[in-house]
Amino acid sequence: PAAAATTTAAAATTTGAATAAATTTSGAGGTVSATTAAGATTSGATTNGTAAGGTNGTATTATTAKATTTTTTISVVQIQVVQTTATVEAPDCNTAGSMSTDPTVKNAFIKTMANITGVPEANVACTTTKKFCRRRLQTELFDSARRKLATPSVQADFSVTAPSGTTTTAISSSISNTQLTDFQNALVQNLANTNYSNTSLKVSSISTPSTSSQLTGYTKCYFGQACYFDLYEANTQYEINSRAAVDLVTCGQQCANTQGCEAFEHIVDKNKKQPSCVFWKAGACDIPNGNPPGFVSGITFTAVTTCERNGTRSTFTQIASKCQRKSILGIVLALLWAFLMGFVTG
Numbered sequence: 167p168a169a170a171a172t173t174t175a176a177a178a179t180t181t182g183a184a185t186a187a188a189t190t191t192s193g194a195g196g197t198v199s200a201t202t203a204a205g206a207t208t209s210g211a212t213t214n215g216t217a218a219g220g221t222n223g224t225a226t227t228a229t230t231a232k233a234t235t236t237t238t239t240i241s242v243v244q245i246q247v248v249q250t251t252a253t254v255e256a257p258d259c260n261t262a263g264s265m266s267t268d269p270t271v272k273n274a275f276i277k278t279m280a281n282i283t284g285v286p287e288a289n290v291a292c293t294t295t296k297k298f299c300r301r302r303l304q305t306e307l308f309d310s311a312r313r314k315l316a317t318p319s320v321q322a323d324f325s326v327t328a329p330s331g332t333t334t335t336a337i338s339s340s341i342s343n344t345q346l347t348d349f350q351n352a353l354v355q356n357l358a359n360t361n362y363s364n365t366s367l368k369v370s371s372i373s374t375p376s377t378s379s380q381l382t383g384y385t386k387c388y389f390g391q392a393c394y395f396d397l398y399e400a401n402t403q404y405e406i407n408s409r410a411a412v413d414l415v416t417c418g419q420q421c422a423n424t425q426g427c428e429a430f431e432h433i434v435d436k437n438k439k440q441p442s443c444v445f446w447k448a449g450a451c452d453i454p455n456g457n458p459p460g461f462v463s464g465i466t467f468t469a470v471t472t473c474e475r476n477g478t479r480s481t482f483t484q485i486a487s488k489c490q491r492k493s494i495l496g497i498v499l500a501l502l503w504a505f506l507m508g509f510v511t512g
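Here the sequence shown is numbered in my numbering, starting from 167 and rising by one per residue.
Hints were generated in silico from the structure; no laboratory data involved. Keep in mind the model is a prediction, meaning the values are calculated, not measured. All the pointers check out, no bait thrown in.
Result set (DSS-like, lysine-lysine): computed pairs, CA atoms no more than 30 Å apart in a straight line:
(1) K296 / K368
(2) K368 / K272
(3) K368 / K297
(4) K386 / K277
Starting from the given sequences, assemble the full structure and let the hints guide the process.
This is how it looks when you write it as structure tokens:
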């Protein structure tokens, strides 16, 4: 979903009558227009010597002004971003969980990374999640050698865009040269005005930074990750936009210009058997949410990239797959055959 475009009607001039209502239309997608209805002019009528909306038998006129139309355009371009992950140990799972969903904590992480890399806060994107909070029995099954819980933590995933005059190499170097204690001290300072100002925290790790290509207007692109189409409903949950070859940016721009497009899949197939640009809609193939139906990663036979648009995904409703339909049909036929055989043999 894209940010809605909104138009506010110009103030109406009214003399002794009510102002005509105007409607506003908001849309999702790259180029969206929102227009308010043009106002009409209405004259008051005289009743029993007093005009409606007027006084002393004099009719008055109510006029609404015409509103202008505004247009919002999303321009998709390819950029280079630096990605890294910081893991911060918390006292317990409840604290880790509440911190991971608190926007003030997210802002503290953003401010800390911006200070370390020397970029504006607007150039830092961050998502926070709770980690290592499985139940004890589950943990022991997966890690019987240690027989103990991993420390509850908050994981902060960063994407840093280089501003003009700064390179991704310089940003990566700043992250790599940052000591864990320096990051921890800066984070604690930036949490001073939050509910976690006195919380005991420990930065346990900062991953080696990596550089990848991303698109403006999209939260993240997943290279080598996609979903099989046959588990989704054509033209409802996915839509083939182009079978002819288009580049990644063009596919991203077409998705941004299309209402309901929540992500897109770009495929480079030398054998030309796969479509080049496919839109994901209605919450389908939600890779960030984890393991969607038909999900596949590490694709090597063709170059495929799935990119998620900024915004919140729709609620996904799964359909019965072709295999499930065949299985159900097979069971019904088998039961029918058994019934007929029983009837014939008596």
